[in-house]
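Enquirer: One letter stands for each residue in the lines below.
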Amino acid sequence: MLKTISLFLVLMAVWLLLSGHYTPLITGFGVASCLLSALIAYRMDVIDHEGHPIYLGPRIISYWGWLVVEIFKANVDVAKCVLFPKQYLRPSMFTVTASQKSDLGRVIYANSITLTPGTVTVDLDDDQVMVHSLTEDSAEGVKSGDMDRRVTKVMKET
Amino acid sequence: MDMILDIATWVLLLAGSVLLLITGFGLLRLPDLYTRIHAGGMADTLATFLIFVGLSFQSGFSLVSVKLLLVIVFIFFTSPTASYALAQASFVAGLKPKLDGFGARERAKEDA
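Read top to bottom, the protein sequences are chains G and Z. Be aware that the first sequence starts at 1, since it is given in the numbering used here, and climbs by one per residue. Be aware that the second sequence starts at 159, since it is given in the numbering used here, and climbs by one per residue.
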């Protein structure tokens with residue numbers, strides 16, 4: 001029930017941010033539609049720790065900050081690789097083990113790998129993540145397991 | 159103040175456009191599908207990020223900039239899923255990645 005209320009609050013906040021029309025009638029429609037959505041989600045029993053991962057809260061925000069910096073660095077690497085392929089282009093394919101226990105943690109890890117240019121998740125089978133990488137540096141970045149540890153920390157599954 | 163914001167927008171938009179240009183170049187130049195996905199990843203991440211941050215400078219501190227930032231968030235959520243679907247589909251279909259890059263081919267030529 002607590003999760004349904006927090007889902008309603010999140011929906012309401014997004015609605016208020018996106019709407020921009022604050023007349024009583026329109027806001028009333030907004031409240032009604034958010035309430036209806038929350039009720040339907042409650043009836044369908046889809047509000048679990050995966051569907052509404054609010055408990056990740058501040059930890060995932062700081063993880064995103066770190067991820068954006070990584071994306072910056074990786075983009076520069078890939079741009080260099082495109083411009084000077086003879087020097088940098090060394091495609092490779094390898095498998096790493098994800099240390100997260102839950103499916104959500106593994107999905108966050110695999111998606112983070114894909115989001116960083118230079119590495120793409122090709123296959124995710126149980127805890128084995130198959131990665132295709134563009135350069136030696138980007139392959140080393142995944143193999144070092146830094147991102148894996150950070151995602152595990154975000155999920156609190158150490 | 160407006161001048162500084164305009165210059166910042168100029169710099170960010172130009173950097174984003176240059177990245178998009180490099181992306182297009184990479185899509186044509188890299189050898190196979192898997193390496194081309196990496197090049198496409200640049201357009202999804204940093205190029206979009208720079209362009210939308212530059213645009214949100216122009217809109218100032220308002221609901222419009224919130225919407226622009228939300229667009230970035232949603233693109234960052236959905237684009238890896240699309241890339242993964244593409245890579246997974248071609249992997250399942252049996253497309254083998256070319257693992258001999260330009261450098262390796264160069265070395266093979268020297269050996270011969």
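Hint data in this document are derived by calculation from the structure and do not stem from the laboratory. Be a bit skeptical, because a hint or two may be false.
Unchecked claim - DSS-like mimics (lysine-lysine), calculated; alpha carbons at most 30 Å apart, straight line:
| id | chain 1 | residue 1 | chain 2 | residue 2 |
| --- | --- | --- | --- | --- |
| 1 | Z | K256 | G | K86 |
| 2 | G | K3 | G | K153 |
| 3 | G | K73 | G | K156 |
| 4 | G | K86 | G | K73 |
| 5 | G | K3 | Z | K225 |
| 6 | Z | K256 | G | K73 |
| 7 | Z | K256 | G | K3 |
| 8 | G | K143 | G | K86 |
| 9 | G | K153 | G | K101 |
| 10 | G | K3 | G | K143 |
| 11 | Z | K225 | G | K73 |
| 12 | G | K3 | Z | K254 |
| 13 | G | K86 | G | K156 |
| 14 | G | K86 | G | K3 |
| 15 | Z | K225 | G | K143 |
| 16 | G | K86 | Z | K225 |
| 17 | G | K80 | Z | K254 |
| 18 | G | K73 | G | K3 |
| 19 | G | K86 | G | K153 |
| 20 | G | K73 | G | K153 |
| 21 | G | K101 | G | K73 |
| 22 | Z | K254 | G | K86 |
Said to hold, decoys possible - Computed spacing ranges between beta-carbons, pair by pair:
| id | chain 1 | residue 1 | chain 2 | residue 2 | range |
| --- | --- | --- | --- | --- | --- |
| 23 | G | I61 | Z | R187 | 32 to 40 Å |
| 24 | G | V46 | Z | L228 | 36 to 44 Å |
| 25 | Z | A251 | G | K143 | 39 to 47 Å |
| 26 | G | L17 | Z | K256 | 39 to 47 Å |
| 27 | G | P58 | Z | P189 | 39 to 47 Å |
| 28 | G | S6 | Z | M159 | 36 to 44 Å |
| 29 | G | D126 | Z | V229 | 32 to 40 Å |
| 30 | G | G51 | Z | I233 | 39 to 47 Å |
Glycine included, each C-beta is placed from N, C-alpha and C at the ideal position.
Enquirer: Run every hint past the structure and note whether it holds.
Expert: Verification of the hints:
no. : hint                        : result
1   : Z:K256 x G:K86              : holds, 15 Å
2   : G:K3 x G:K153               : holds, 23 Å
3   : G:K73 x G:K156              : holds, 27 Å
4   : G:K86 x G:K73               : holds, 20 Å
5   : G:K3 x Z:K225               : holds, 25 Å
6   : Z:K256 x G:K73              : holds, 25 Å
7   : Z:K256 x G:K3               : violated, 48 Å
8   : G:K143 x G:K86              : holds, 23 Å
9   : G:K153 x G:K101             : holds, 12 Å
10  : G:K3 x G:K143               : violated, 37 Å
11  : Z:K225 x G:K73              : holds, 26 Å
12  : G:K3 x Z:K254               : violated, 45 Å
13  : G:K86 x G:K156              : violated, 42 Å
14  : G:K86 x G:K3                : violated, 53 Å
15  : Z:K225 x G:K143             : violated, 36 Å
16  : G:K86 x Z:K225              : violated, 41 Å
17  : G:K80 x Z:K254              : holds, 25 Å
18  : G:K73 x G:K3                : violated, 37 Å
19  : G:K86 x G:K153              : violated, 38 Å
20  : G:K73 x G:K153              : holds, 22 Å
21  : G:K101 x G:K73              : holds, 29 Å
22  : Z:K254 x G:K86              : holds, 21 Å
23  : G:I61 x Z:R187: 32 to 40 Å  : holds, 37 Å
24  : G:V46 x Z:L228: 36 to 44 Å  : violated, 22 Å
25  : Z:A251 x G:K143: 39 to 47 Å : violated, 27 Å
26  : G:L17 x Z:K256: 39 to 47 Å  : holds, 46 Å
27  : G:P58 x Z:P189: 39 to 47 Å  : holds, 43 Å
28  : G:S6 x Z:M159: 36 to 44 Å   : holds, 39 Å
29  : G:D126 x Z:V229: 32 to 40 Å : holds, 34 Å
30  : G:G51 x Z:I233: 39 to 47 Å  : violated, 21 Å
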